[in-house]
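**Student:** As a plain string of letters, each chain reads:
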Amino acid sequence: MHRVLQQPFKTAVLILVWGWLLLLVLTPNLLVVGASVMTRDPGTFLSLPLNLNSYRQLFDPLYLDVFLNSLYMAGMTTVFCLLIGYPFAWALSGLGKQRQTLLIFLLIVPFWTNSLVRTYALKLLLATNGLINNALMGLGLIDEPLRMLYTEGAVVIGLVYLLLPFMILPLYSVFDDLRKELLMASHDLGAGKLSTFLHVTIPLTLPGVLAGVMLVLLPAMGLFFVADILGGSRNLLVGNVIKNQFLDARDWPFGAAASILLTVAMAVLLFAHRLSQQRLGDEGRA
Amino acid sequence: MKETLLSLKNVSKAFDDKTVLNSLDLDILDGEFITLLGPSGCGKTTLLRLMAGFEQPDTGAVSLSGHDITHAAPEHRPLNTVFQNYALFPHMSVYDNVAYGLKMEKRPRDEIRQRVDDVLAMVQLQDFARRKPHQLSGGQQQRVAIARAVVKRPQLLLLDEPLSALDYKLRRTMQVELKRLQRELGITFVFVTHDQEEALSMSDRVVVLKDGAIQQLGTPREIYERPANLFTARFVGETNLFPGYLTSVENDGITLDILGLSRTLQRPGFTLREGEQVNVLLRPEDIRVLAPEDEKGLARQIVERNYKGSTLDSVIHLEDGTEVLASEFFDEDDPTFDYKLGEPVRVSWVDGWEWLLPVEPEPVNNDAEEGLSTNA
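Order-wise, the sequence lines are chains A and B.
With the working numbering, letter number 50 in the first sequence gets 50, and the count goes up by one each step, no holes.
With the working numbering, letter number 50 in the second sequence gets 50, and the count goes up by one each step, no holes.
Simulated from the structure, these hints should not be mistaken for lab results.
In this text the structure is predicted, and so the values were computed from the model without any measurement.
Glycine included, C-beta positions come from ideal geometry on N, C-alpha and C.
Any given hint could turn out to be false.
Said to hold, decoys possible - Below, in silico cross-link-like pairs of lysine-lysine (DSS-like), each with a Cα-Cα straight-line distance of 27 Å or less:
#1 B:LYS18 / A:LYS97
#2 A:LYS180 / B:LYS103
#3 B:LYS340 / A:LYS180
#4 A:LYS123 / A:LYS243
#5 A:LYS97 / A:LYS193
#6 B:LYS340 / B:LYS296
#7 A:LYS180 / B:LYS18
#8 B:LYS103 / A:LYS193
#9 B:LYS106 / A:LYS193
#10 A:LYS10 / A:LYS97
Said to hold, decoys possible - Estimated spans, in silico, between C-beta atoms of each pair:
#11 B:LYS169 / A:LEU22: 50 to 56 Å
#12 B:ARG107 / A:ILE108: 44 to 50 Å
#13 A:GLN7 / B:ARG131: 53 to 59 Å
#14 A:LYS180 / B:GLN135: 23 to 29 Å
As the list claims (entries may be wrong) - Which residues of chain A face chain B? A partial, calculated answer using Cβ under 8 Å:
#15 LEU178
#16 LEU182
#17 ALA185
This is chain A alone, in the form it adopts within the complex (with noise of 0.2 Å):
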């Protein structure tokens, strides 16, 4: 009791934690776990016998296509990201001080409007007689408007222009960490500029790789309303399938069992990234 009058400040800030955990994460988590192994009810949505039906409807064709499809279209959503951001953090971080905090600055300046909004903000670019089909006829480049709105490439791009920071920003880290020196030695040791990406670069870049893929992929299967607003009405993203299930088709244990399938697949990458950390010694001798 001592201990807690002398420290108020530290017990205050442990309880603020802990109780934030507690209620905020580790309850919705386990009422959604609750919620998976109930029945469905029209009346109370939620209903005893508990049963495993919701996990094995997951694995029920027409579901298992549309995660196979979710988990392409994020998949896709992800490669994109990197293909832009490893360069782009590699780059960020050759630049001066002052150069890196204006375009890190500059990457961070869209957050500050809903991300919604711009979805739709990038439906006005995408339309039939949006903007980029305006101009191109304008130019005289097409003579009929492209298809671009309410197809999957839409739906990727929208995912790639609104997660895309979540991919450079953690590359971006592990490369400012990446030390010269180590380049330098690779070098003096006799390998060329290929040999030094494959066999130094690659590797030590290699937790800010996972740690984007995984800021970028579950994410990218979990953002309905870029799928709804770009892509249509159809079910593309393991997101849509969630929000349906609790809003439309009233199967709250079916929607929790997908959500589960999301904080699965997320621990397994977890698991993965510390993995790769421990690999490279960041984490000590532990």
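We have chain A already, so just place chain B on it with the hints.
**Tutor:** Chain B in isolation, oriented as in the chain A frame:
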């Protein structure tokens, strides 16, 4: 006579208009242990990087065994570097770190294994081949860095303050180890340090650098006993500096008045006229502290005594306020050896151990030295 292995001719380098190296010439001989010694900002690391190929000189040329390598990439130079903080690849085991250079040469697997095993045995790390660098102590990491560089059998090994991160005792051990390695391998070592003691004890020749220019190039003994100028004298070891005035010139020598004492010395290498002032340089170990009854020497007081184990160091104040450092070996037969603080003594020195330097104009400011420290 040894042949020149690496030659720098008229090499200059500036970063952002700050001159780091100023038209410098240096010949490194085959098989020697040469040390680049100087304070931070003197250009020694830049000089090493020019040799390794990480920097290109603004003017001048670098040649290795007669071939111009001024603009050759680091990977195409038959020399290797031991980096200051080792720069071991953190994601590779000790074995893979050492094998890296040979893999880049595309050597056969068996040869790589043999050579890596041999070199790890040489640095006594054969049991640590599977460890990652972060699982090793500082001294072990240091040995991996050396093994990784020498496994390539370079003509020249560049070492950039390789011992600066180690504690005193380990540093001494590694100094001996490095000397042994250099003898066994017969590789030319270019060693960078700001530690004069390290430079003196390890090198065949020492290059004293300041503000991007060579102050003196010579054997450790030459550098210590016959410094070319005041900078070298002060940077390498402790120095007592007395003003001397030339009273007369004889056929075979000169007579100086040093703080009222008249001494006859050999002619110095520079010209000196009667009545002119000259700097008389005496190392602490040249100084003798005598009993007050003694007839020779200057009568002064002890102000500080410092027991150093093998020697006893004293600080003695002269009348004009200058401090004299004396470092004497213990003489257990001398009952008066240990003087007390404040006790009057006489100060003298061993005849003929004086070293004369011309009086230099004091530098106007020291900004140049400060400004260069960014590229140390």
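**Student:** CA of LYS340 (chain B) to CA of LYS180 (chain A), is that 27 Å or under?
**Tutor:** Violated, because 55 Å separates the two Cα atoms, which is more than 27 Å.
**Student:** Just to be careful, I want the Cα atoms of LYS123 (chain A) and LYS243 (chain A) compared with a cutoff of 27 Å; is the pair within it?
**Tutor:** The given pair, whose Cα atoms are some 21 Å apart, holds under the 27 Å limit.
**Student:** CA of LYS340 (chain B) to CA of LYS296 (chain B), is that 27 Å or under?
**Tutor:** holds, 20 Å
**Student:** For a C-alpha distance cap of 27 Å, please report whether LYS97 (chain A) and LYS193 (chain A) respect it.
**Tutor:** Holds - the C-alpha atoms of LYS193 (chain A) and LYS97 (chain A) are around 24 Å apart, at most 27 Å.
**Student:** Take the C-alpha atoms of LYS180 (chain A) and LYS103 (chain B), compute the straight-line distance between them, and say whether it is at most 27 Å.
**Tutor:** holds, 21 Å
**Student:** Check whether the Cα positions of LYS180 (chain A) and LYS18 (chain B) lie no farther apart than 27 Å.
**Tutor:** holds, 22 Å
**Student:** For LYS106 (chain B) and LYS193 (chain A), compute the direct alpha-carbon distance and say whether it is at most 27 Å.
**Tutor:** holds, 16 Å
**Student:** Given LEU178 (chain A) was flagged as interface, is its beta-carbon under 8 Å from a beta-carbon of chain B?
**Tutor:** It is violated, given that the least Cβ distance between LEU178 (chain A) and chain B is near 11 Å, above 8 Å.
**Student:** For the range 23 to 29 Å, tell me whether the beta carbons of LYS180 (chain A) and GLN135 (chain B) fit it or not.
**Tutor:** Given a distance of about 24 Å, which is inside 23 to 29 Å, the answer is holds.
**Student:** LYS103 (chain B) and LYS193 (chain A): Cα distance at most 27 Å?
**Tutor:** holds, 15 Å
**Student:** Can you tell me whether the CB distance of ARG107 (chain B) to ILE108 (chain A) sits inside 44 to 50 Å?
**Tutor:** Because 48 Å falls inside the window, the suggested range holds.
**Student:** For LYS169 (chain B) and LEU22 (chain A), compare the CB-CB distance with the range 50 to 56 Å and indicate the outcome.
**Tutor:** holds, 52 Å
When the structure is compared with the earlier hints, violations turn up for hints 3, 10, 13, 15 and for no others.
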